[in-house]
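As a plain string of letters, each chain reads:
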Amino acid sequence: MDIRVEKLCKAYGEQQIFQDYGAVFPEGKVSCITGSSGRGKTTLLRLLMGLEQPDGGTILGLEGARFSAVFQEDRLCENLSPLSNLRMVCRKRPARQQLIEQLEKVALAGCEEKPVRELSGGMKRRVSILRALLAEFDVLFLDEPFKGLDAETYGKVTDYVREQIKGRTAILVSHDPRDMERLGGVEFRL
Amino acid sequence: MKGSIISGKAGKRKRESIRLWAVALWLTLWQLLSIKIGQEILLVSPASVAFRLTELVGKGDFWRSILFSFERILLGFTLALSLGILFASLSSFCRPVREFLQPAVLVMKSTPVASFTILCLIWIPSRNLSVFISFVMVFPVIYTNVLEGILSTDPQLLEMAEIFRLSLSRRIRYIYLSQVMPYFRSACTISIGMCWKSGIAAEVIGMPKGSIGEKLYQAKIYLNTPDLFAWTMVIIVVSRVFEQVFLYGMQKLLEKLERM
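Chains as they are written, first to last, in my numbering: chain A, 4 to 193; chain B, 108 to 367.
I should point out that these hints are in silico values taken from the structure, not numbers from a laboratory.
Keep in mind that the hints are not guaranteed to be accurate.
Stated by the list, open to error - Below, simulated DSS-like cross-link-like pairs (lysine-lysine); rule was C-alpha separation at most 25 Å, straight line:
(1) A/Lys10 <-> A/Lys32
(2) A/Lys95 <-> B/Lys363
(3) A/Lys32 <-> A/Lys169
(4) A/Lys159 <-> A/Lys32
(5) A/Lys117 <-> B/Lys304
(6) B/Lys316 <-> B/Lys327
(7) A/Lys117 <-> A/Lys159
(8) A/Lys117 <-> B/Lys359
(9) A/Lys10 <-> A/Lys108
Quick caveat, the model's predicted, so the values are computed rather than measured.
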């Protein structure tokens, strides 16, 4: 089912972020929300995820849907290993080898047992992306998911994400036009 | 295992270990001071204490006294640990519970061991006094630290848990445990030493028969300084060994939990 946003209103004090905003994010496709800073990209994502309530309007098509997300921040359990962070969201306990294979796909081989706090920013980002993809979801939210990745891993990770979300509903927020091109999404400019 | 949830940020810095040369220097200073004073009743020499200790370890009564005090202090500690965690968890999401417990915790923190001991002698038999006193001393430390750990859990992680619809058991195991552990660990380190000190102090006042406290009291009234020092050494060693074993066991348990 498509996600329909109708007459959405949201303000923080005097600052009106959305006034009667409307959009239809198609099912099974990647929707890319773009726009300059402060236009409410992350706010829209938070409204869709139900982390914030709109002042008015409706959001349809997300009732009962399972969400997964790559947040703007990594939001990993820093004292735990990447393996534990991944296990945390897997409904059925995955085999260790299976998780290690997934880590290898995003160039994280050999880091599986290190505490996340000892990983670099780019490595943490990749763990965060992998966690979002391993969780069972109907809708995936990606908020600047590839920030901090170097040129080499950027290509590898975006290829992997594209392959994993093919035919699934994903909403991407990004400043970087390359992200939309790599994931092949439909643009929604704020 | 490197990525233990118990290690936390503090895990990066190695704990300062006690250097053998420092211990040897202190013992030498003690020995010299004892020779200078020349009266064992005022300051016994480390050699005399060591000799007295070797005499004591051969006696069954020595081990029975240690066991007597150990099992009671351990019981008090375990009760404080369990109830401290339970009430801290309840208080973290139920404000009335937190407000209700606040005055009691404040009283427990501020009341001297001696006042509690004398009061409790009226209510409970002296042989179980150390259970209650070690409980009263440990409970507020565990409760306060665990509560602080839970309340300072990163709200962004809780939001993440909400989005991924993590069950309560997963939230506890992966999020709360890793956030609370550094607080819990430091609370345990502080309170293990404290429960021994307060438990034995209570025994000295209440003098339950066959306890370490009774032995200390007898050493005091007979001015038996070697015994006093020897028993003090025993308390330090038992407390330290207990602390190390407990923290090691806890670390292993958590690592196992993390791998589950």
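* Could you tell me which of the numbered hints above are not met by this structure, giving the numbers in increasing order? => Violated hints: 5 and 9; rest satisfied.
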